[in-house]
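Student: Single-letter residue listing:
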Amino acid sequence: MLRRFLLRRALLGVLVLWLVTLGTFLLFFVAPSDPARTLAGRQATPEQVELIRHNLGLDRPILVQYLDYLNRLIHGDLGQSYFSGESIGKLLSQDFPPTASLVIGGAILWVVIGVGAGVISATRARSLLDRVVTFLALAAVSMPTFVVGLLLLYFLFFQLSMAGAPLLPPDSYVPLTDSPGEWARHLILPWITLAMVQAASYVRLTRGSMLDILGEDYIRTARAKGVPEGRVIYRHGLRAALTPVVTQLGVDVGTLIGGVVVTESVFGLGGIGQAVVQAFVSGDLPVIMGVVVLATTAVVVANLLVDITYGLLDPRIRLT
Amino acid sequence: MLLEVENVVKHFPITTGLLVKQTIGQVSAVDGVSFDLSPGETLGLVGETGCGKSTLARCVAGLHPITSGRVRFDGDDITNLPRARMRAYRRDIQVIFQDPYGSLNPRRRVGSIIADPLVVHRVSRGTELRRTVQELMERVGLNPEHYNRFPAEFSGGQRQRIGVARALALRPRLIICDEPVSALDVSIQAQILNLLKDLQDEFGLTYLFIAHDLSVVRHISDRIAVMYLGKIVELAGADELHEHPRHPYTNALLSATAVADPDEAERRRRIILTGDVPSPIDPPSGCRFHPRCPKARERCSSEEPPPALRDHLVACHFPVEAGEDLTTSGSGGRPA
Amino acid sequence: MTLTEIRPDAVTDRTIAGRSPWQLAWARIRTDKVALVSGLTVVLLCLLALAAPLIAAWNGHDPDEQFRDTGITAQGLPIAPNGTFWFGTDRLGRDLFIRVLYGARVSLLVGVVATGLAALVGVLVGLLAGYYGGVIDTVLSRLMDVVLSFPYLIFAIAVVSIAGPSLTATIGVIAFYSWAAIARVVRGQTLSLKEREYVEAARSIGCGDLRIMFVDILPNLLAPVIVLTTLLVPAAIVFESTLSFLGLGIVPPTPSWGNLLSEAQGFYRVAYWYLGFPAATLLLTTLAFNLVGDGIRDAIDPRMERLFSRRGRRNRRDRRDRRRRRKGA
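Residue numbers (my numbering), protein chains in the order written: chain G, 1 to 320; chain D, 1 to 336; chain Y, 1 to 329.
No lab work stands behind these hints, which were simulated from the structure alone.
Please read these numbers as outputs of a predicted model, since none were measured by experiment.
Just so it is clear, CB atoms sit at the ideal spot from N, CA and C, and this is done for glycine as well.
Be a bit skeptical, because a hint or two may be false.
Covered stretches of chain Y (in silico footprint by chain D; criterion: 3 or more residues with CB under 8 Å from a CB of chain D, positions within the stretch not fixed) [as the list claims (entries may be wrong)]:
| id | segment |
| --- | --- |
| 1 | 186-198 |
| 2 | 208-219 |
Pulled a few chain D residues facing chain Y out of the computed Cβ check, cut under 10 Å [to be verified]:
| id | residue |
| --- | --- |
| 3 | Gly62 |
| 4 | Arg83 |
| 5 | Tyr89 |
| 6 | Arg90 |
| 7 | Gly102 |
| 8 | Ser103 |
| 9 | Arg108 |
| 10 | Ser112 |
| 11 | Val120 |
| 12 | Gly163 |
| 13 | Leu170 |
| 14 | Ile176 |
So here's chain G without its partners, still in its complex pose (with noise of 0.2 Å):
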């Protein structure tokens, strides 16, 4: 059963990836940038433009340079960049580690603040701490990503910097394995930064799916039957009203490994977001194609362990 499911989910993830490649290869096309003519630079000659354009393969028709991306793919080759010649494959295991720190860091961050504080929030309905947090939650939302990460700076580096206790550092990033302490200190922002961004919907989510649950009836009779309080919300209620949050989650880790440019940049840690936003500025469409094709990945296996944890959460559904 489980093996047929994943030979299932695994088959659309490729169809998927395959619509998704297809789909940014003909996006490209349509741009009107030409990275030959600014490979080439400002003086070249037409006859100079043309060489580059043929070295790149750029002249062949759409469909051809299509296919032989597909081909190399299959190959596991991403290609180079038009630009710094680089391969792909070795320009993304550069950006990957610091986004995939930031997100999966700040991933747990967010939810455990999000879940533990709608779980408050909701067995509190109406209190004054239930609006004091869905309050919070309600201006988090209400604030851009960037705003929050510079706030962060402005307080939690300049600020405490200012007062003698230079204890959280701007920006950049250091690698894990260089220093494990170094590549946390240098993390704390932006996964605060992440987290509280993130965490808004989630206390709504997990608040209002508590809700809704705890009205439930078989919840009135685990307590009538003298379940204790805390088994109560904790085995019956939350392990129910995380479906949506799982869910949730797997989209967010899915799309933040392809797009988490704004918190990279704030803190200039590099990461695959500036890699793609500079990517479609120039025009270097390996590299988007690099980025697309890892980013789609990513959330299709998200999107797998999902469906798996399902299982897991909510005997009732059963994987087919």
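Chain G is fixed; fit chains D and Y onto it per the hints.
Tutor: Relative to chain G, chains D and Y alone:
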């Protein structure tokens, strides 16, 4: 004949699949029903919940396409007409719905709800429209000054009057009343029934009157058809049916109606049917009533009785004779 | 029985005024202080944005005028808020107060127009998908899924790299990203509304599809659409500022809150006001919109769960009263 319904069948397919729909079965909601209606007549259609009477009503009104059979109105074949052509007949065929709460749009004012048919069919407009609507309201016993109120501000009985006014607006010839009083209190039921009867006399209306309660239809109907699992099992004049019910199912229904006279109630014995109504997805073979029938014999499970048609006809191999008692099962000898 | 005898049923108390559901909602929202204050804030901000040229003319500070003598320090840094420059100045010595006001014009315009467009498209698509079902629904629903799961920044970057950053491109990107959320809600509502008996009644009268969709179904799903639209306006404002921050939205010198904040990014260490005032104005606006949306939701449909509610106190009081009464009895 104003309305002729001939062998009407309505199946709802049961489908599965998300992208590509596959039919894995069907619900036979209406399965070969025939009857007709003369101008000015009222035909009562009675049956339990789920017997297909409301589906039949919707098929006749052209709201559901029918699977097979014919519906003729005033001699014209109106079976599954395309919407544009059906429009012309909608002026003559109107429907009063069961739920006085659900059948009125809560966000619209009563005046505009009643005016709807007049606007859609471009009968009148402006101040004339308003006057027509207010006359209609007055005619059905509503205060015309309440023209600008919302349905929520009316009681169930008043709401059903709104529904009646809407159905009456185009001066139709046939009104299909789909359980118009089932959702109302008994005291209000009589008021609405009287209103319908008065309107029939005044405008020469023809009614197809659906109910699940025999006592409701008795007084308003000229003839009564009893439906069971998508088929008409008995069709007779209203008094005839009450005095000499011939189908065992009709007998059972009659024995279950409330009687005001205690002496009568004393004499009456209830025929308790065993079992539930079988699923219309997989109806019983032969006579559909046989699994629950006190008179059932072997033949009933294998052979389908001929359908009930005009006059007093009954779809049963072994109709109940006058004076026969069904409370003791089997072929009934009188109790001591 | 004659007609006069059935009349009593029709007589009701004449003092009951015919109040529409909207009037009832208005009556409810009038007692909601949080929503009222937020609503007033929104109105005030809109008025200030509209009046920006008048205010600029009154204090004589053009939004693009660089005050090289009074608006910038000897080191070329912005100066702090004072009597002349209420919000201080920016890196080129321009009046930040005036620029924030002008920024409000752009940000509010983008927020309202983009959301309005999204609501229009979303309602149409949702109605069509929900009402007709079948293939139309399948195609439109997949389309919504795709739009909702698309990484919006990548899309925005793609559009801007084709069309170039501009006000229209910004509005287009935001509207494109927002309509699907509305369409999905409208579709769901339509699916359930079209099964109502009054829709069947409309069909039995002979109403056409368009009339049923717009006269019978639309008014009944307007409530969630209005709530959602109100909540999408602040989201659109946040979106605009993010795009402008990344250089993909409104391009300077036209001030918008997003590009003001983007410029301020490099100055947060030396000029808190440069970051603080635009950020505070933005937050005030989006928060006010969110609270208004919340209040409208509460007023239109009291059953819907509300995010920030004063009803808790009322409920607790009711419960206490009931307990007391029971004890007393």
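Student: Hints numbered earlier in the text: which of these fail when held up against the supplied structure?
Tutor: Going through the list in order, the structure violates no hint and respects every one.
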